[in-house]
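Participant: Position chain B relative to chain G; hints supplied.
Protein chains: 2
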Amino acid sequence: MQDFTFQNPVKIHFGHDKLAKLGDELKQFGQRVLLTYGGGSIKKIGLYDRVIKAVREAGMELFELPGIEPNPRISSVREGARLCKEHHIDVLLAVGGGSTIDCTKWIAAAACVEHDAWDFFDYEKRPPVERALPIVSVLTLAATGSEMDSGGVISNPDTNDKRGRLSPLLFPKVSFLDPTLTYTVSPYQTACGSADIFSHLMEVYFTTDHSMYLIDTFIEGMMRTVVRYAPIAMREPENYEARANLMWASSWAINGLVGCDKPQAWSCHPMEHELSAVYDITHGHGLAILSPRWLEYCMSNETLPKIAQFGINVFGIEATMPQKEIALRAIDALAHFLFDTLGLQRTLPEVGIVDETHFDSMAFKAVLPYGGNLPGFRPLTKEDVIEIYRMCM
Amino acid sequence: MQDFTFQNPVKIHFGHDKLAKLGDELKQFGQRVLLTYGGGSIKKIGLYDRVIKAVREAGMELFELPGIEPNPRISSVREGARLCKEHHIDVLLAVGGGSTIDCTKWIAAAACVEHDAWDFFDYEKRPPVERALPIVSVLTLAATGSEMDSGGVISNPDTNDKRGRLSPLLFPKVSFLDPTLTYTVSPYQTACGSADIFSHLMEVYFTTDHSMYLIDTFIEGMMRTVVRYAPIAMREPENYEARANLMWASSWAINGLVGCDKPQAWSCHPMEHELSAVYDITHGHGLAILSPRWLEYCMSNETLPKIAQFGINVFGIEATMPQKEIALRAIDALAHFLFDTLGLQRTLPEVGIVDETHFDSMAFKAVLPYGGNLPGFRPLTKEDVIEIYRMCM
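Heads up: the protein sequence lines correspond to chains G and B, in order. Here the first sequence is numbered in this note's numbering, starting from 16 and rising by one per residue. Here the second sequence is numbered in this note's numbering, starting from 16 and rising by one per residue.
By construction, these hints were calculated from the structure, which means they are not laboratory data. There is no bait here: all hints are sound.
Taking lysine-lysine and the DSBU-like style, the derived pairs with C-alpha atoms no more than 30 angstroms apart in a straight line are:
1) K33(B) / K26(G)
2) K33(B) / K188(G)
3) K68(G) / K188(G)
4) K188(B) / K33(G)
5) K188(B) / K26(G)
Cβ pair distances, simulated, as ranges:
6) D347(G) / M336(B): 25 to 35 angstroms
7) P278(G) / Y203(B): 28 to 38 angstroms
8) L181(G) / L77(B): 29 to 39 angstroms
9) K68(G) / L383(B): 37 to 47 angstroms
10) P142(B) / G82(G): 49 to 59 angstroms
11) E72(B) / P278(G): 24 to 34 angstroms
Note that CB positions come from ideal geometry on N, CA and C, so glycine has one too.
Extracted from the complex, chain G is given alone in its bound form (with noise of 0.2 angstroms):
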């Protein structure tokens, strides 16, 4: 157990009614909102027009920037902090799920700085964050956290990069966080979104760190939570009680609570992301073909305790049996959760990427911010990654 900071600003408004005070939110910060968002779906359910309608109603001046993608790129960021520049905007308006959001946070940062906006994510410069524009959301997707946390994700397609950075300036404001809004997400992009929630917590959860029970238990209730209500979201895709806590444990998985007292890093995020940097699929898939092999990977005698830990609090595993059948069984209830139940493929060839072309060329980039070796729940190197990533083939 390290010693750690811990805060979060962020004003959340939760529930069916509470989008009635965007308006009053949003004007606090000024005139001139730039609203971002991605493919239209926010219009197919009619929330881009209750949006416009808060924010003419609010009496401010309206731009927009469409289209930001999946996997958001920097060409997007350049794009708003254009906007941001030549609009003189006060305020970002976020509407959409973590690529959205993500994006929107560094225009923030972006529209405050001269330089270009990859520059935040050069490792050669990396540039401080010293000012943002405020930003507010409207989340429509239960994923990323990004709707409660200061990081956001950013792709280069020019040089295949997907890369993350944190600053506590990117917190959003506000987050208007409102369940029905996730009631027309396919069960699909549920299943890849439950998928993204569950990694964050493993990516935590798992250390042989000294770690404190407290934050286990937070770590253990989401996860439980998770298990519980994505199938109930998947096949009921308007039952309020399992979007709501599946929306509530996204943010709560990934907003410095469960993480702060543990040092290590990210394993399957860093490996993920090079997988969607070349290949473009959704996060929360890749994630989802990693986890369970990265998991096998690290069982070790040092590891056993805590795999046999999950799999007791978790998925309920008798806790009398030997540690490693326990362990064992632990990975099996998480591929069973994640392939079966979810129901997303199993194998890097079922999301199309069929040969190993590129694995050298990942393996390498997801180590490369660590020197060499990712100081994860097991130590890995370029060679480590190259084999979990054939382990999904």
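Facilitator: Showing chain B alone in chain G's frame:
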């Protein structure tokens, strides 16, 4: 599950070595600091000297308000507000447990108004809290959660009143949580603090409303944490793991997270506030005596499922028994934990309340803010409250 708004801006520095940042955190708020503390235990453990040194090294001017009482009194609030006005204090530094921090919050508010401090608690007056001085806290007791919430409870011995009130302006700006500062807390005070944390959790957990599964997993995890670590901390006062888990649980039990989707009123706290207002007993001890009796009094077909869930998920009672049997065993397990494991006395006479003289007036005051019918897990009239007091004799 009702709609809610959640925001908790408190910055927490948690761990052994974080107090080194005290000076930097303080001086961002100005030059003149009022240090508030209680009976002097902070001098015994050397904390007073460390704090003074930090303030001096930050080049700040120091003023002091010692002697804040357990069950802090309105006279201390008045004196603190007077000192703030006289010396143009910029920031308050509360060093102690919940009593000191609660009192300091209301000093912070009272320093910014001309009216009497008790007006904030007068049901007829209740002026809004429109300004407050910034507060920094250094916690020395895991119990009330005042270090990360926006409320404070103040006693008025002239009227035998003990009243609490919340305001978002009263969140501490920064709180230092160093578990080693609780190493000298006696087994008895550790037990009382743990009973207080546990009671905060019970107050929001026990509801017949439809509550969020996710939040129940958090509450049950915190309850298990208290059950696991309170006896360890009593037996091994310098067990860092035990002290750290209790300390972080004290904050999260009452910082807004687990209560946010629950509409109902608290029950044991209003009843206990009357006990400690009249008899000045230790708050956590009063709660411990009341809690199992209250839960037993609440038992009905409607409340059984939640009491049984508590027994299964917190005390590990076998889920296959009839629900009523599980619920009865849960109440026994709670009483066993409070009175046998924590060693707290189990009746009011054992803490010096030997007759029923004040039960009528205390019960009247407990339900007064709710118009005579306290809308808790089981709605309680004045007669119900008297009956619960009697069960504790």
